[in-house]
Amino acid sequence: MRASNFRPKNIGIYTLPGLPEAEAAAGNMMKFLEEAGVHTFLCTSRSDECLIRQIDEGIVDLMIALGGDGTMLRAGRLCAPHGVPVLGINLGHFGFLTEVERDDWQNMFPQLLEGHFRLEDRMMLRAVHRRRSQVLAEWLVLNEVVVCRGQFVRPIRVRASVDGYLVAAYVADGLIAATATGSTAYSLAAGGPIMPPELRNILIIPIAPHLSVDRGIILPEGVHVTITALTTHDAVLSMDGQAPVTVLDGDEIDVEASEHAASFVRFQDPSYFYRNLTHYMEQNPVSGNRS
Numbered sequence: 001m002r003a004s005n006f007r008p009k010n011i012g013i014y015t016l017p018g019l020p021e022a023e024a025a026a027g028n029m030m031k032f033l034e035e036a037g038v039h040t041f042l043c044t045s046r047s048d049e050c051l052i053r054q055i056d057e058g059i060v061d062l063m064i065a066l067g068g069d070g071t072m073l074r075a076g077r078l079c080a081p082h083g084v085p086v087l088g089i090n091l092g093h094f095g096f097l098t099e100v101e102r103d104d105w106q107n108m109f110p111q112l113l114e115g116h117f118r119l120e121d122r123m124m125l126r127a128v129h130r131r132r133s134q135v136l137a138e139w140l141v142l143n144e145v146v147v148c149r150g151q152f153v154r155p156i157r158v159r160a161s162v163d164g165y166l167v168a169a170y171v172a173d174g175l176i177a178a179t180a181t182g183s184t185a186y187s188l189a190a191g192g193p194i195m196p197p198e199l200r201n202i203l204i205i206p207i208a209p210h211l212s213v214d215r216g217i218i219l220p221e222g223v224h225v226t227i228t229a230l231t232t233h234d235a236v237l238s239m240d241g242q243a244p245v246t247v248l249d250g251d252e253i254d255v256e257a258s259e260h261a262a263s264f265v266r267f268q269d270p271s272y273f274y275r276n277l278t279h280y281m282e283q284n285p286v287s288g289n290r291s
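If you're matching positions, the sequence shown starts at 1 in our numbering and goes up one per residue.
It is worth saying that the hints were derived from the structure and are not from the lab.
Computed from a prediction, not measured in an experiment: that's the story for all the values here.
Every residue, glycine too, gets a C-beta built ideally from N, C-alpha and C.
A few of these clues could be false.
[Said to hold, decoys possible] Pairwise CB distance ranges (calculated):
#1 191 x 56: 35 to 43 Å
#2 24 x 111: 35 to 43 Å
#3 212 x 138: 23 to 31 Å
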């Protein structure tokens with residue numbers, strides 16, 4: 001983490017539309033901030049056009065994301081290339097990425113406006129989808145890149161190469177390339193290790209491997225990973241849980257550390273991650289155990 005050195009004067013509030021609780025909270029926050037002399041704007045757009053326009057114009061010092069971890073991922077991806085930090089207000093279930101609970105923001109905003117917070121920089125990934133050497137698309141990724149089977153319940157074959165050298169070949173439901181941030185997301189569900197958020201590594205984890213290597217591989221940030229899909233049936237590619245993209249036999253997905261980093265506002269001390277870990281692991285929203 002690094003100490004902040006500014007007092008934000010232009011703050012955006014970002015939430016997805018159709019969430020009455022978030023819209024009401026956003027209104028209260030804007031009133032609080034405006035009375036404190038801060039210029040604010042509200043963006044509730046699923047297309048993200050409003051947020052992108054405001055960030056591109058350079059009038060945003062800091063972004064407040066209202067929602068759960070999915071909202072934080074979207075805000076983080078959009079703000080990272082411009083160096084705009086994000087403060088997460090948890091209106092979701094887990095809140096691994098958020099910092100402030102829904103009923104505590106009025107206590108924390110004075111610290112925010114005085115610059116009494118730290119910035120936590122999290123490594124991101126650059127993912128490129130290639131087909132016969134042609135670039136089809138490119139993404140900025142905060143959690144993970146996933147190559148996996150599609151609608152047919154059959155494993156796919158997938159190879160992982162590092163800097164041009166084959167590291168492992170799998171018959172599995174899929175393969176995950178995750179950041180330390182993503183180690184507590186899909187990778188964790190697939191049996192991967194939990195990595196502290198400040199680590200700058202790429203984690204490779206197979207999903208339900210069959211007669212294949214079933215251990216994760218932790219790689220340094222400077223490597224270039226190539227995931228090659230070998231399949232005769234449907235396979236898909238997804239970044240941070242976004243809408244899947246069709247993958248064909250022989251397609252390659254190049255993954256490497258991005259030049260951009262997501263910057264999150266933290267009021268807690270640097271050991272917060274370990275202190276909260278057990279609490280988060282017990283908060284299964286399906287079981288109803290959210291004490």
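Hint check:
1. For the pair residue 191 and residue 56, the supplied restraint of 35 to 43 Å holds, since their beta-carbon distance comes to about 40 Å.
2. In this structure the supplied range 35 to 43 Å is violated for residue 24 paired with residue 111, their Cβ-Cβ distance being about 23 Å.
3. Separation of residue 212 from residue 138 is about 29 Å and conforms to the stated range, judged on CB atoms against 23 to 31 Å.
When each numbered hint is compared with the structure, a violation occurs for hint 2 only.
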